[in-house]
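Participant: Listed here are the chains, written in short residue letters.
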Amino acid sequence: MNPLEELKREIESKIPGVKAVIDAPRDPRAGGFLDLHLDDHGAVVEWSPREKRFGVSSLPGTGFGGADEAYDDVASTVLRLVEILKEGQHTDPKELLLNDLRDKMGISQEELAKTLNLRQPTLSKMERRRDVLISTLRKIVEGLGGKLEIAARFPRALVQLVQFTEPGRAVRKRARRKPSRLKADR
Amino acid sequence: MDEFYRRLGLAPDASTFEEALGLIRRTLNDVEDELSGFPMNPDPPLKSDEDRMYPPNLDQIHDVPGAPRVKRLRSRYHNTFVGENGAIEIRSSSGTIEFFKPGADGKTVGEL
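Going down the list, the protein sequences come from chains A and B.
Heads up: the first sequence is residues 0 to 185, going by numbering that gives the first Met the number 0.
Heads up: the second sequence is residues 0 to 111, going by numbering that gives the first Met the number 0.
Calculated from the structure, these hints are not laboratory results.
Being a predicted model, the structure only gives us computed values, none of them experimental.
The hints are all genuine.
The calculated lysine-lysine pairs, modelled on BS3-like cross-linking and capped at a C-alpha distance of 30 Å, are:
(1) A/LYS85 - A/LYS7
(2) A/LYS146 - A/LYS124
(3) B/LYS46 - B/LYS70
(4) A/LYS51 - A/LYS18
(5) B/LYS70 - A/LYS18
(6) A/LYS146 - A/LYS113
(7) A/LYS51 - A/LYS7
(8) A/LYS7 - A/LYS18
(9) B/LYS106 - B/LYS70
(10) B/LYS46 - A/LYS85
(11) A/LYS51 - B/LYS46
(12) A/LYS85 - A/LYS18
(13) A/LYS13 - B/LYS46
(14) A/LYS85 - A/LYS51
(15) A/LYS146 - B/LYS46
(16) A/LYS18 - B/LYS46
(17) A/LYS113 - A/LYS124
(18) A/LYS124 - A/LYS138
(19) B/LYS70 - A/LYS7
(20) A/LYS138 - B/LYS46
(21) A/LYS51 - A/LYS13
(22) A/LYS51 - B/LYS70
(23) A/LYS85 - A/LYS13
(24) A/LYS7 - B/LYS46
(25) A/LYS113 - A/LYS138
Cβ pair distances, simulated, as ranges:
(26) A/GLN162 - B/GLU49: 19 to 25 Å
(27) A/ARG129 - B/GLU97: 29 to 35 Å
(28) B/ASP58 - A/LYS124: 49 to 55 Å
(29) B/GLY21 - A/ASP99: 39 to 45 Å
(30) A/GLU148 - B/ASP42: 22 to 28 Å
(31) B/SER93 - A/ARG8: 21 to 27 Å
Facing chain B, according to a computed beta carbon distance under 7 Å, are these residues of chain A, among others:
(32) PRO24
(33) ALA29
(34) VAL43
(35) GLU50
(36) ARG52
(37) GLY54
(38) GLY60
(39) GLY65
(40) ALA69
Glycine is no exception: its CB is placed at the ideal position from the N, C-alpha and C atoms.
The shape of chain A in the complex, shown without the other chains (with noise of 0.2 Å):
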């Protein structure tokens, strides 16, 4: 049996009444799809043979782009469908609020507040306000263990913009020039 059969018969046992229909070419060296449909809430997994790992994405979904989410095994692709298809979770990871992103890295508020040095209810306004100092949502994005960035995108480039999340990254002064003399002043 090859790895998207038994998912398809591990996900129809863990929930009566999924849709599940695998769509893979004839070469079972290319991998293929196992779309996924219960109610209203879709997801499409991808079996990569190179990597021996299945790409997990919620529906609806755009673009021609990689997998959302990866995992290694059976039983743990199976656990985050169930998320997906019961609870109706999302795997795209590009929009989340910060307390959506806490909540998903398995952190309270009363354990990040700690580790910023604040009071709890400090953090809660923090997490609700839609417009915070840059320096804050440093110091929150690095208690939860990440790195903060911030680019902006242009039609032909993506530019990281490190002034505001390196504090030690000093803006460069730009040298001030006599204004230059007319030759007729000469």
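Chain A is already provided as a structure; the job is to place chain B on it using the hints.
Facilitator: Using the frame of chain A, we list chain B on its own:
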């Protein structure tokens, strides 16, 4: 995706299956080179933190029942149908047609 579809629509119609596949790959790679901010990885991993799109994988080619002149390329959220006349049709996983373009003979995938 909008820019990819826009450029794909403006490109000259392909006349063979191989030409159409090349057009899809070239167009998406050009758009992503210019707009994604990430260099192309010739061997992209299953999951990546880089927000860059890649064309459908050539090892995911399927026959299409009832349409022997058409092949289907499966990717995560799409099915890309390519005709032997160079016609292209891209459908979302829910079946909605997001893009179509006839082959050089003027026929679309649905007419093959």
